[in-house]
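A.B. asks: Take a look at the letters that make up each chain.
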Amino acid sequence: MIPLNWFLALSAVLFVLGVVAFFVKRDLITMFLAVEVMLNAANLAFLTFAKKQGLLAGQVIVFFVITVAAAEAAIGLAIILLVFRRRKTIRAEGADEMKG
Amino acid sequence: MAEMARLFWLIPLIPAASFLILLVFGRKLPKTWISLQACLSVLASFVLSLASFGELLKTAPSSLPLVKTLFSWISAGRFSADLSFHFDPLTAVMTLVVTGVGFLIHAYSVGYMARDRSYARYFALLNLFTFAMLLLVMASNMVLLFVGWEGVGLCSYLLISFWFEKPAAAAAGQKAFLVNRIGDAGFLMGLLFLFLFVGSTEFRAIDQAALGGGLSQGAATLVCLLLFIGACGKSAQIPLYVWLPDAMEGPTPVSALIHAATMVTAGVYMVSRMHSLYSLSPAALQVVAVVGAVTAVYAATMALVQNDIKRVLAYSTISQLGFMFIGCGVGAYAAGMFHLTTHAFFKSLLFLAAGSVLHALSGEQDLRKMGGLRRYLPWTYSTFLIGAMAIAGVPFLSGFFSKDAILSRAFAAGQTLVWAAGLLAAVLTAFYMFRLVLLTFHGRERLETEAKKHLHESPPVMTLPLALLALFSLAAGALGLPAVLGPHLDRFFRFLAPVFPVAQEGPVSPGTEWALILASVAAALAGIGAALLFYGREPKIPAWLVHRFPRLYKALLNKYYVDEFYGLVIVNPLLRGSEAVYRHFDLKIIDGGVNGAGRLATLAGKALNSLQTGRLKDYALGLLAGLVLILGALLL
Amino acid sequence: MAIALFVVLASIVIGSVLGMIFSRTPAYSALWLVLAFAASGGLFGLLDAPFIAAVQILIYAGAIMVLFIFVIMMIPRQEVFPADGRKVRLALSVLLAVVLAAEMGVALLAALQGDSAAGLSGLGSTRAVGRTLFQDFLYPFEITSLLIMAALVGAIVLSKKRAKE
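Protein chains in written order, with our numbering: chain A, 42 to 141; chain B, 364 to 999; chain C, 556 to 720.
Some hints could be false.
[Unchecked claim] Partner residues are not named here, just some residues of chain C that face chain A (Cβ under 8 Å, in silico):
no.	residue
1	I569
2	I619
3	I627
4	M628
[As the list claims (entries may be wrong)] Label-pair distances were calculated between CB atoms; the ranges are:
no.	chain 1	residue 1	chain 2	residue 2	range
5	C	K715	A	Q94	40 to 48 Å
6	B	I993	A	D137	25 to 33 Å
7	C	L701	A	K129	18 to 26 Å
8	A	K129	C	K715	54 to 62 Å
9	C	R632	B	A967	18 to 26 Å
10	C	A705	A	G95	47 to 55 Å
11	A	F105	C	A557	39 to 47 Å
Read the hints as simulated data drawn from the structure, not as lab findings.
Don't be surprised by glycine CBs; every beta carbon is placed ideally from N, CA and C.
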């Protein structure tokens, strides 16, 4: 009833928005949020194709993606906290100690 | 006896085993053990050789030679070479000489090298040499022969530069090896062409091809000349003889063994072995004879004026080798081998006796600082005298018969010039040998006080071999008496006859034969007489001659400046050339390339370094760009 | 009917994301994103994946975003961050994003030609998903538990304050 194309188009748009958000934002936490947006867009695409092919594997994959995203968020935020403790700010600029 | 003879292939392997043991454990073994093991291994080979020789005497010629193939060594397409030994009369003669004389020299070395630091290394190398030489003479194909050929060359190098801390010794070893290498290049090319023409390097196959008409004269000439270049290197003929005088830097027993009795005779053996090839090419044979004759005279002239006792003997060896090649060159291979055998006896005797003199004089080698030694060194003197008489061709000693055999056959083959050259060389030989005897053992004592302090006769372990060799030098002539003295007295030649089926000498009337014998006797007596005159009665004559012909004397003393000539024309340009190549090609291009690659990697790294800014968003940009590109590629 | 639902939910999602982009503070951005994920969950439901929809709302919107908000609250208020400088990089990234969008558009048009959803058919029922998860994907499932524990331990260790030395 709903053309699946639309879901995919939505997924594409969300992904691109996430990309732009990543480059536009200046603090680490918001950049991380943009990554979550991209993940969500991917999930949407997975489910769309699962529906099209009638395979549950797509849905199971989304299950795992969400789980891993949770783990990733935990660690990522811990790291951001550490960076903050060191530099007293969450600005993305100037965090270039891995230079070279 | 027959069972022992069947083990003839063990003859080279026993000294090889001894070498290996000495190589690994030498330094930890007591001297007595080393001496016993080294000498007894060679003695064992000698006994085996005797047994095999005895067996050979009983075997009919048609079932010769005895062959034993150990295993198939190389098998590559059309080319194959086995590790197989064979035993025929020619090989029998060589093995008996190598192991017999070799054993005596091993025993002598026990005394001579008694106080040397590297006792084990010495005997290990001597054993290795014996193995290589036996390999050479017992090989049944040219490839295995070449292995032995190279092996003796290697041992020669190692033994010449035995006392390598002496720069002169190290240089001499290097020179020997390099000059030999040039000869080896010729040998290898000959070997390759031989394989090309015949399809195999087995002696049997070569003989069949040559005698069966499968080889053209041109092909045979090419191969023979190339192989002869190798023989010139190994047997010190013109132009590759320059290493032998320098080789005297090595210990005297080494000079006796390698540079008198065995290694230098390898060339003669090889040419004799290839006789069927040489018989196809009169041109090559002529070259061999002429080179031998010229070398014989040439070297003898230099021996006339040398002041070092060993150098005189070295030039004498070169000259006598020339004689052997004369024999081969006129087709009298058996005569050449006979002279090889007698020469092994008296030349090694002379060298060992000279070593005894050195030993007594604490190392003095200069003739001008000797004299009157016969009172102090009776054994040494008497044996040396016998050796000198033998080589000079005094009648009834072995040298007389072997030299006469060669010269008479040369004359019979119509090579009058060669015969004349040989006769001249014989006169010179007698002269310089007795000059040596007189200057060393007779006359006024010109010894230095240091040398005189420890003057003593050598211990029995050294004098016994001298005595034995003297005995052989005296008696060996009986093996090869000329036909005019009676039938069936030429046992040596008849023994070797089956090996050389092609007889090349014309018949000689008894009258001519006697005339030739008289000529040889006259030559010997003339030389000895002149020496007695110059150095006994009227000692002023040599000095007057030097005064009258200064430039000739200088040329002779300086070996005709040949070494300097080679240095100028060959060695120096090569050295300069290699240095130039090194500087411009090696350093700049090759090193430049290698270092350049390294520098390129570093530069690339530094360039790529600028990509790593450490900033998160820059990396993300890269990711994004990559993603876009990949997706684009997939879509297109 | 379903289409209307789709349009509404889609609008909410896109709008929330835009809101997230244009918010001044991280706190507001996070909140906008909670809304976005919730609406996303609804969209999942439209795709015949009720179980996944529930998981999305429970975990993503309910746990992950809450975690974000906790951390945001731990960080004192910073000065206001206007949009990012570094003009070149920004321009380049926007350009690339547009190209990406175009490429994805092309890919989409090729992938599904006017394919229609066949309505809800019980494809992604909890029973079905559970069965698949525990039969075909048992191994990854178990491994994931290890993963979560690793993340747990890691987060704790990382964020522990160093004892005074």
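A.B. asks: Could you work out which of the previously given hints the structure breaks and list their numbers from low to high?
C.D. replies: 4, 7, 8, 9, 10 and 11
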